[in-house]
Amino acid sequence: MKFNETDLTQLHEDLQTKKISAKELTKAAFDRIKETDDDVKAFITLNEDEALKRAEAIDNEGIAADKLLAGVPLAVKDNIVTKGLKTTAASKMLENFTPIYDATVIEKLNAQDFINVGKTNLDEFAMGGSTENSAFFTTHNPWDLTRVPGGSSGGSAAAVAAGDVIGALGTDTGGSIRMPSSYNNVVGLKPTYGRVSRWGAIAFGSSFDQIGWITNSVKNNALLTEIISGQDDHDMTSSDRQVPNWAASLNENTNVKGLRIAVPKEYLDEGIQPGVRAVINNALKHFEELGAIIDTDVSMPHTKYGVPAYYILASSEASSNLQRYDGIRYGFRAPDAKTLEEVYVKSRTQGFGDEVKRRIMLGTFSLSAGFYDAYFNKAAKIRTLIAQDFANVLKDHDLIMGPTGANPAFEIGSEIADPKTMYMNDILTVPVNMAGLPAMSLPAGFDNGLPVGLHIIGKAFDEQTIYNAGYVFEQTTDFHKQMPKLGGQD
Amino acid sequence: MASQIDQQQVKHVAELAKLEFNDAELAKFTPQLGSIIDMFEELQAQNTDGVEPMYSPTDRVNVMREDVAVKSNEREALLKNAPDTEGGLIKVPAIMDDESEDGE
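From first to last, the protein sequence lines are chains X and R. Numbering of the first sequence is given in our numbering, commencing with residue 20 and proceeding in unit increments. Numbering of the second sequence is given in our numbering, commencing with residue 116 and proceeding in unit increments.
Among the clues, some could well be false.
[Unchecked claim] Covered stretches of chain X, as calculated for chain R (at least 3 residues, CB under 8 Å): (1) 28-37; (2) 136-150; (3) 321-328; (4) 345-358; (5) 361-369; (6) 472-478.
Just so you know, these hints were derived from the structure itself, not from any lab. For clarity, every value in this text was computed on a predicted model and none was experimentally measured. Beta carbons: idealized from backbone N, C-alpha and C, even for Gly.
Turn these sequences into a full structure, and let the hints guide you.
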């Protein structure tokens, strides 16, 4: 069974009426994973025995009407801790690490009796945009196995695109949910900073990180995001704002009439590949035909500073967050370390991959004596200007739209030797994390057979308007119905 | 302000970060870091006089919660993740960088 078109509400009904059992469903998920994952390599760890046991127990208990996810197989990015199930962050540093607690999002999913099929691949510690920085292996894009799935949540996006699951958890620090969603023709939403507790998400850039879902549809995304949202005592940046039932207003009456959509000129400039620009222009035209008001006379002048400012700030936070990997209490310890100092230095040197080391170096440098004002603090001031750009535009517009990425998925190996080019890919996604806003990538068309995502950015805590626009677009187009040709016949 | 970073500086930053690079790695990392730091320099073109720095998008300040004592007994599970243990404790090499025999 492929999950590309499965509707969560319908599935829940089928489980309740025993049209299908949780165990059959879970088996179907693993059958599909076995069919596809030799090629795609989306998963680091499969949780098959435990998942089947759990499904059987849930079948025996009966599917509760108020538990939408009871018996539903879903996947989890491997930088979100799962009690008793190995969590590696795709790093040699945590290769044998088994968490003793669940992330808050996992607790919430467990309360719903979800089935965790396994942990998906990523760039080491979520640092990268291709999954090529995984310490274990690179995930392949189901649309073209010679290409990257994007990153860092590349395993999650590829698993959804391959039809392995309805949804997979991701994290987004600078685009890590949205970019792979764009490359894989799936729906990815980074919620507003503070909407979802970060407790149990292995820390990278704490003022940027946010957990969210990559899914096969807008409505499924809204349903799943609602379940993981809300204030949490374990994360003091989590918001106590009420969590809306976003999916409730996604129906035949949803429309975009009069919706004010801003398209900043910086988002469609010469840096965007022509094929991508064409797809996005078509999408905007489609919104216009549906009654939305497209305003292209908009500028966000500080967009160009997003990448350098982001890489200073996020790397600085990373260098601080990753100090905890010292080879003492958990994680990798270098076998040849003979003194305490050697335990620190050799364990970190042997345990971290090149990209993680680059970020730690950039962050340590930006925070070091003599450079703090010129780099870290300068970038923090630029962050204010970028947030103001958004505030100015969103004062008299409901949404901002553009491409998620400047190009579709690139060939594996083509950019890995040039970190700066790789960083520049994030030019359209990182400003959103700087400002803490919610944003979605949505299937919008194809460039030479490769998926292109539409980037929809909203006001803080207004995920609803994003979901509404995404839902209407999805219902009136068929891009999301196209699937990669992959493993097995049907 | 130096816009390039040399191998000596990379070594110094590595020391601060508790990382180590051999000569071949230094030769690879130094120009990579240099080109990214050159990109950082682009920020200097923007006037930020009078602009307040932003360190987080959160609007929450001084979040309080009840101070509730919780019993936990996770010693065994915690120790399982430690690289080296002895007698229920985490074991590390000698802390003093001692040139004499340390007798273990």
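Against the structure, the hints come out as follows:
Coverage of the region 28-37 of chain X by chain R is violated. Counting CB-CB distances below 8 Å, 0 residues qualify, and the rule asks for three or more. Residue count for the region 136-150 of chain X with a Cβ under 8 Å from a Cβ of chain R: 0. That is fewer than the three needed, and the coverage hint is violated. With 6 residues bearing a CB less than 8 Å from a CB of chain R, the region 321-328 of chain X meets the requirement of three and the coverage assertion stands. Evaluation of the coverage hint for the region 345-358 of chain X: fulfilled, as 11 residues show C-beta separations to chain R shorter than 8 Å, against a requirement of three.
With 7 residues having a Cβ less than 8 Å from any Cβ of chain R, the region 361-369 of chain X passes the three-residue criterion, so the hint holds. Given as covered by chain R, the region 472-478 of chain X fails the check, having 0 residues with a CB less than 8 Å from a CB of that chain where 3 are the minimum.
Comparing the model with each earlier hint shows violations of hints 1, 2 and 6; every other hint is respected.
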